[in-house]
Each structure stands twice: as structure tokens, then as C-alpha cells.
Amino acid sequence: MTTLLEVIDIRAGYGEADILNGLTLTLSDNEIAVIIGPNGAGKSTLMKAIFGLVSVHGGDIRFAGQVISGRRADQIAKLGLSYVPQERNVFASMTVHENLEMGAYLLRAGLRDHLSRVYDLFPQLQERRNQIAGTLSGGERQMLAMGRALMLDPRLLLLDEPTAALAPRYVAETFERIREIRSQGIGVLMVEQNARQALAVADRGIVLVMGQNRFEDSGPKLLANREIAEMYLGG
Amino acid sequence: MIDFLQLLIYGIVLGSILTLGAIGASLVYGILRFANFAHGDMMTVGAYLALVAVTTTGMSVYVALPFAMIGGAAIAIFFDQIVYKRLRRTVPIILLISSFSTALILRSVTQLIWGPKNQVYEAGISLPYVVGGVRIRPDHVTIFVGSVLLIIAFHLFLKYTMAGKAMRAMSDNVDLARISGVNSERVFLWTWAIGGALAAAAGVFLALDTRLHPEMGWHVLLAVFAAVIVGGIGRPYGAIAGGMIIGVATELSTMVFEPAYKPAVAFALMVIVLVLRPTGVIKGQP
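Just so you know, the sequences run in chain order A and B. Each residue of the first sequence is one higher than the one before, counting from 1 in my numbering. Each residue of the second sequence is one higher than the one before, counting from 1001 in my numbering.
Among the hints, a few may not be true.
[Unchecked claim] Below, simulated DSBU-like cross-link-like pairs (lysine-lysine); rule was C-alpha separation at most 30 Å, straight line:
# : chain 1 : residue 1 : chain 2 : residue 2
1 : A       : K78       : B       : K1262
2 : B       : K1262     : B       : K1117
3 : B       : K1159     : A       : K78
Rather than coming from a laboratory, the hints here were simulated on the basis of the structure.
So that you can see chain A by itself, here it is in the shape it has in the complex (with noise of 0.2 Å):
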């Protein structure tokens, strides 16, 4: 296992204002982290700041060894960095299919391969490849936006709660193609309000509490603490 990314003693927020106060941790590849803490601890922050989308105010964010914060978000897709926001985030006016292209955007050759293995990962998005994505379930829609993260093989996948927005029948699926995208070779990094869920498929929790990383240890031990159980799990 080699360190895929890395975040350093990070500040960041909107605007002036700091919801991320030092917060450092470490990802290596082929492992599904997920974090969790109570709203507002800057969890959804942190994504954002690894793609340059919240202003970074201190501290440094490597992936795969190159320094990524004060880079554009089209720079950092092209290292392989990918990221599904936990809201808005397929193209709602555009249909399946250029979803799925524009998921390709960097690519210039070979979409045909990288489309068959995303509708092999998801075949029902393949039936509804010509549908407008606005007019689609939510769980569709989440399959889409994670597919369209997946059309450039990422080495790491960026996921704001996955499972936020889902029928209870669809997240135990999620977690499913969530495995499913670690066994490629594909690093995750999660934010999951389904917390017990989360860490029982994952190699490693964080607990983020008020913008720094609190606790941290492998997923099943997380679950297993009684202390943060009763505080972050809810009992």
C-alpha cells in the first residue's frame, strides 16, 4: 500500500471564515476511509478543499506525491482525483449518456471501453441511457453520478454521502458497488450519515469534530467504541 493522498494541517472555509481548523490525515490507495462527525464539522468542507472548491487559507493537500491545493479542479480530475457532491451532482438537462461523456470529458480516445464497464457496473443506467437525468430516481441518480465520477478510472473517488438522499432498499446496494469500486483497484474516501453502515464496509473511520480529525482507527474497532458509539452513532 502506498500514500495516496495526504491533507496536512489544512484550513479552509468560506470565504474568510474557517470550518476546517488543522485538519490532517492520510489515504493510501485501495482502502475505503470514511468519515463521519456531527453536521457541521466540516465534513463536506473537506472534499470541496481537496478539489479547490472552498477557499484554502494554510496547510497542503498532495496527491499521489504532487501538491494539488491552488490547482483548478479540471487539473486535479486529470491526476485522477474524482468526486460525486452530495447534492447537484449529475448534469440534470443532459441525458444519461452525456452524463457519462462528460464524466469522459478528459478522455480522447476509447469511450466506448470506460462506457461498457460503468454500464456493467450499473446496467440499469444502460436502459435509460437516452433519459433525461433531471427525470431520474434518486437512486438512479446516485448511480449515475457515481458513474459518471468512474468514466476516467480514478485512482480515488471522492463520495459526499452516497447514500444521503436513497430508499432504505437502495443503500445496502450502494455499499455493494461501493466494494465492488475498491476490488478495481479504485481508493474511496466517504462522508456517510449512514454511519453503522459505512464503517462495517470500511478499512479505516475518522471522526471529524469541529474541523480536525478526532479519532481515528480501523472500521469495525470505530464501531466497536462505546464512547464514540454513545456520542457519534447515535447510542
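Since the structure of chain A is already known, use the hints to place chain B on it.
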């Protein structure tokens, strides 16, 4: 009935011109997120660029059209790079006011170079075709056919090229487009190039329909924005519907109202749409 058909034809011609202007204004709004008040004056400059080509080389205005469009695209990109590029992170109102100053610059320079008088591409009058009592000027046929061809070309670009898809993606969701690998600066250049070229074409057609004058574009800006809003702001396809609705409605209104009220009719339609269906005929951006 003949009056109605005659006005309908005038309306379709005006609608074609407004549509070409509105597509660009809507595109700029959707992607750069501000109402470009210089859009009308970009039309004016395009019309005068064609005049330069016509008077210096003696070419027909139809041959001059592509040159005017290229010039219009270049001028739009020029102003983006020297004015708007520095203001990307500011609020839309500052961009809007800057575009107002761009409009003044374009209009003043046009007047400085070509003077304040009315001009035409070719002197003399061409005889209209008469079909069932309705008179159709050859220029009007050119304007309509030219506009339809440009709109089809624009549609094919938006639908089938990667640059066109990136523009739609940016207009739909800026952050998602950027994290998908779209270089937003490059899309901004495409947007200005297409908006500027279509504005120049609209200006040439407007000059063909009426005459060249330094304030010609400024005077139709309100109607152009009425078309943008009726069609759904930020929705280029809506601009086509909006342009035609405004064009036909303002011309038909002269059956009832004095022609002097034409701009008021465009404005009234815009207000009615804003009250009844604020997202436009085709659903626009919030």
C-alpha cells in the same frame, strides 16, 4: 387577412434577428452568469464590420457576413480578456455594470469611426416578390433563411461536439463541469466567440432589414432581453421560442396599437411572463 399575413412576415423577420441576438445573450447569461448589456452594441459593431468589407472590396453583404461574424467573435473575446476576465470572482451586478461601460465604448467608437448618420449596404430598392397579395422583400428571405441555417448550425454544435456539450454542462452546473475536467476559461472563450458571432450576424440582418446606425443595436437590446426572458433565461433553445414570440407579437400589435408602442409590447410580454411563468416558456435557471 392580407394585413395579418404581411405583419406575420415582418414579425418572423424581426423574430429571426432577435433570436440570433437572444441566443448569444442567453448563452452568456447561462455560462458567465451576468446580463450582458453590451450585446446590442456587439450587433451594431458586427453590422459595421460587414459595411467595411462591402465598401472596401465591393463584395456583396452575404459574402461579408462570415467576416463580420469572425470580427464579432474576436471583439467579444477581446473585451472578455481585458475586462470580464479580471472580474470572474465578483458578483453579477459588477459584471453587468462593466458590460454597460463596454456598451458605451462600442457605441462611441462606432460613431467616432463611421459617423452618426444612417447608412445602407447597397443603395437602391429591390422589388418585392408578391405572393397572394403579400409582399416579400428578397432581403427578408435572406434574413429568414440565413437565421435558420445559423440556428441549425448552432444546434448541431451544442448537441454533437464536445465543446458544445461542455458549454451545456457549464450552464447546467459549473462546479460539476469543472470537477469533470472542463477548463472553464476555455468554455468562456467558446461562449464569447459564439455569442459575438451570432450577435454580428443579427446586426448585419438588422441593418439589411432597416439601415445602419450607431444606436441600432442599443435600441433592440430591450427586445433581445425580452426574448431571453420569455424563452427562459440561460436557455439558448428557449431564446429561439422567445425571439419568435417577441418578434411576431410586436409586429402584430401594430394592428391594434400605434407602431410607436412596439417596444412597450415587448416589455409587457416580458413582464407577463415574469409574473405568470418566471422560468420562461422553456424552463430557465433559478
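*asked:* Going through the numbered hints above, which ones does this structure break? Give me the numbers in ascending order.
replied: 1
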